[in-house]
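All chains, please: the whole structure from these sequences, using the hints.
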Amino acid sequence: MNTKSINSIINFEPFVEWDNSPFVLFSNEGKILYVNHSAEILFGSVGAKEMYELALAYAPAGFGYITTSISLNYDSFLFYAVTVGYENEEHISLRLYHTPHLKQTRSVHGESLILTDINVLLEANIALFKTKNPNPLTLLTDQEIPQCKIDQNNFSKLLRKVLYAFRASSSLDITLKLLIGQYLVVDYQKQSLIGLHFRANGRYVDGDKEIEAISSLCHVKPILKENAILLEIPLIQ
Amino acid sequence: MGHFFSKSEKVQAIIKGLNLTKNLYVSSIIIGPPYTGKKTLAQSVFPIAPIVSGENLSELKNILANSDEVIITDFEKITNPSSLNLVNKRVIATANYVGNSALIDDLFAFIYTMPPLIERTEDICYLQALYMQEAISVLLVDSNTTFNSEMIPADLSLNNKSLKQSAYKFIMKYSLNVEDIQEVIFHYLFEHLEGKDVYREHLPLYEIPLIKAGLKKYGSQLKLAEVLGINRNTLRKKIYEHKID
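Sequence order for the protein chains is A and L.
Counting with the numbering used here, you get residues 1 to 237 for the letters of the first sequence.
Counting with the numbering used here, you get residues 1 to 245 for the letters of the second sequence.
Source of the hints: derived by calculation from the structure; they are not laboratory data.
These figures come from a predicted structure and were not determined experimentally.
Each residue gets a CB set at the ideal place from its N, CA and C atoms; glycine is no exception.
Hints should not be assumed to be uniformly reliable.
[Said to hold, decoys possible] Restraint-style ranges between C-beta atoms, simulated for each label pair: (1) A:P14 to L:K22: 51 to 61 angstroms; (2) A:I180 to L:P34: 49 to 59 angstroms; (3) L:M151 to A:K225: 52 to 62 angstroms; (4) L:K22 to A:S69: 46 to 56 angstroms; (5) L:M151 to A:T175: 33 to 43 angstroms; (6) A:I180 to L:K22: 29 to 39 angstroms; (7) A:S69 to L:E9: 54 to 64 angstroms; (8) A:I180 to L:S157: 57 to 67 angstroms; (9) A:S216 to L:A129: 45 to 55 angstroms; (10) A:A213 to L:K161: 34 to 44 angstroms; (11) A:S216 to L:P50: 28 to 38 angstroms; (12) L:E9 to A:A57: 18 to 28 angstroms; (13) L:N56 to A:T99: 53 to 63 angstroms.
[What the hints assert, rightly or not] Stretch-level coverage of chain L by chain A, calculated; a stretch enters the list once three of its residues show a Cβ under 8 angstroms from a Cβ in chain A: (14) 15-26; (15) 84-94.
[What the hints assert, rightly or not] Lysine-lysine pairs mimicking DSS-like chemistry, simulated, CA-CA at most 25 angstroms apart: (16) L:K61 to L:K22; (17) L:K61 to A:K132; (18) L:K39 to A:K149; (19) A:K130 to L:K22; (20) L:K39 to A:K132; (21) L:K39 to A:K130; (22) L:K89 to A:K149.
Below, the structure written as structure tokens:
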């Protein structure tokens, strides 16, 4: 059975849709025509324009497909290669390949984890931060986020350290929300993630190592950027 | 347990933080100069928490082993704080100074700084009036005597302690009658009467307040000399001798 005949009897789209590698189809004007499930999640961390420019930069000289090894990092997503292809002047596709992760057997010590409303800890830390930094601060939180098990003391320390990184920022925006479609495996169980995003016009990086160390104690993944810090918190219940 | 009061924004932020975390298992420390109300504040938010001084390490370890929450005063006096196990405990510590900042940073999730009274101008008038009323009540001062707390000098050198002392001293001094004043002077003189020129040496006890009060009341030396019934030159000589401005 040749490829043409398979195409006529099997719809391949679901295979692409549920592929773990992000796949995006652009028009020749950079409009998104199709994204698979994995790419939808990726677009939470990177803009469509940047993806389109990536596709153009690594496109083959003529019709066809080319795979290029390249290290890419968008928040917590790491990729080691991209495939760009086009068969006509109208469409161009981009596919990104996840860098394999070492299987991490994260385990949590139940006795130090207490069911907690993260909003409360966040609010208390902000109250403390405001005594030292009078600059404007906006807080956007999802009050519906359920309580989750967390090491309250270490997590509070982590919040203090993260806020301290913005001690000289003229303003600070904080967002707390559920990260749709992302999860973390802890003790062989799939856990949803809460994203706590701190964004300013600049920040200190002197405490980044400490932030990483305390994050590890709290089973939190920190994503440290030039002007922002994102904490990915497993929603352990 | 004392009542804690403050209108200071910084202190209100501490109260807010402590109240938000009062049901959580986190360790907090309030650092600030002595007599700024740290312990009273901690007790007002955590009224049933056992209190132990950092000087008493064995009792502290005992409480930590048997209780979920504790207020530790004088944290800076703990000889080996790194040996404490604060995991999953609700700890509220107070300290007069930071000491080992790295250790404090490591042990405590919330590090609050209590401002001295001099930076809490909103609180001073209220506390002065409070201490004045307390002094009037404690010293059983005649209720017919009226006092104005603004008359009390606000000594903030030792925060609440010196402010309270100044209120008590003021009320005590201004509520003395002639017999009380004579009795005070009697005790003083009884302790200090020694030597061969005692009369002259102790005249300032009487003359200095007399001349100062007279000058304040009458404004001029001429008028005061007349009121006192002494020669103007004698008054001038005494002002010079007692170095009165």
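Checked hints:
In this structure, P14 of chain A and K22 of chain L meet the distance hint of 51 to 61 angstroms, their C-beta atoms being roughly 52 angstroms apart. The hinted window of 49 to 59 angstroms between I180 of chain A and P34 of chain L holds, with their beta carbons roughly 52 angstroms apart. The hinted range of 52 to 62 angstroms is satisfied by M151 of chain L and K225 of chain A, whose Cβ atoms lie roughly 59 angstroms apart. Hint check: K22 of chain L to S69 of chain A, Cβ distance near 55 angstroms, so the stated range 46 to 56 angstroms holds.
For M151 of chain L and T175 of chain A, the hinted distance range of 33 to 43 angstroms is not satisfied, since their beta carbons lie about 54 angstroms from each other. The given range of 29 to 39 angstroms is respected by I180 of chain A and K22 of chain L, whose C-beta atoms sit roughly 33 angstroms from each other. The hint said 54 to 64 angstroms for the Cβ distance between S69 of chain A and E9 of chain L, and at roughly 56 angstroms that hint holds. For I180 of chain A paired with S157 of chain L, a C-beta distance near 59 angstroms keeps the hint of 57 to 67 angstroms intact.
For the pair S216 of chain A and A129 of chain L, the supplied restraint of 45 to 55 angstroms holds, since their beta-carbon distance comes to about 53 angstroms. For A213 of chain A paired with K161 of chain L, a C-beta distance near 41 angstroms keeps the hint of 34 to 44 angstroms intact. Distance hint for S216 of chain A and P50 of chain L: a CB-CB separation of about 33 angstroms, consistent with the stated range 28 to 38 angstroms. The supplied range of 18 to 28 angstroms is broken by E9 of chain L and A57 of chain A, whose beta-carbon atoms lie about 52 angstroms from each other.
Checked against the hint of 53 to 63 angstroms, the pair N56 of chain L and T99 of chain A passes, with Cβ atoms roughly 55 angstroms apart. A count of 7 residues in the segment 15-26 of chain L with a Cβ less than 8 angstroms from any Cβ of chain A is obtained; the coverage claim is therefore met, three being the minimum. Counting residues of the segment 84-94 of chain L whose CB lies closer than 8 angstroms to any CB of chain A gives 3, so the stated coverage by that chain holds, three being the minimum. A threshold of 25 angstroms between alpha carbons decides the hint, and for K61 of chain L with K22 of chain L the separation of about 21 angstroms falls inside it, so the pair holds.
With a CA separation close to 33 angstroms, the supplied pair K61 of chain L and K132 of chain A exceeds the 25 angstroms bound. The suggested pairing of K39 of chain L with K149 of chain A is violated, with an alpha-carbon distance near 31 angstroms, which exceeds 25 angstroms. The hinted pair formed by K130 of chain A and K22 of chain L meets the criterion: a straight-line CA distance of about 19 angstroms does not exceed 25 angstroms. Among the hinted pairs, K39 of chain L with K132 of chain A is consistent with the structure: their alpha-carbon atoms are about 22 angstroms apart, no more than 25 angstroms.
For the given pair, K39 of chain L sits about 22 angstroms from K130 of chain A by alpha-carbon distance, which is consistent with the 25 angstroms threshold. Distance hint between K89 of chain L and K149 of chain A is fulfilled; the C-alpha atoms sit about 16 angstroms from each other, no more than 25 angstroms.
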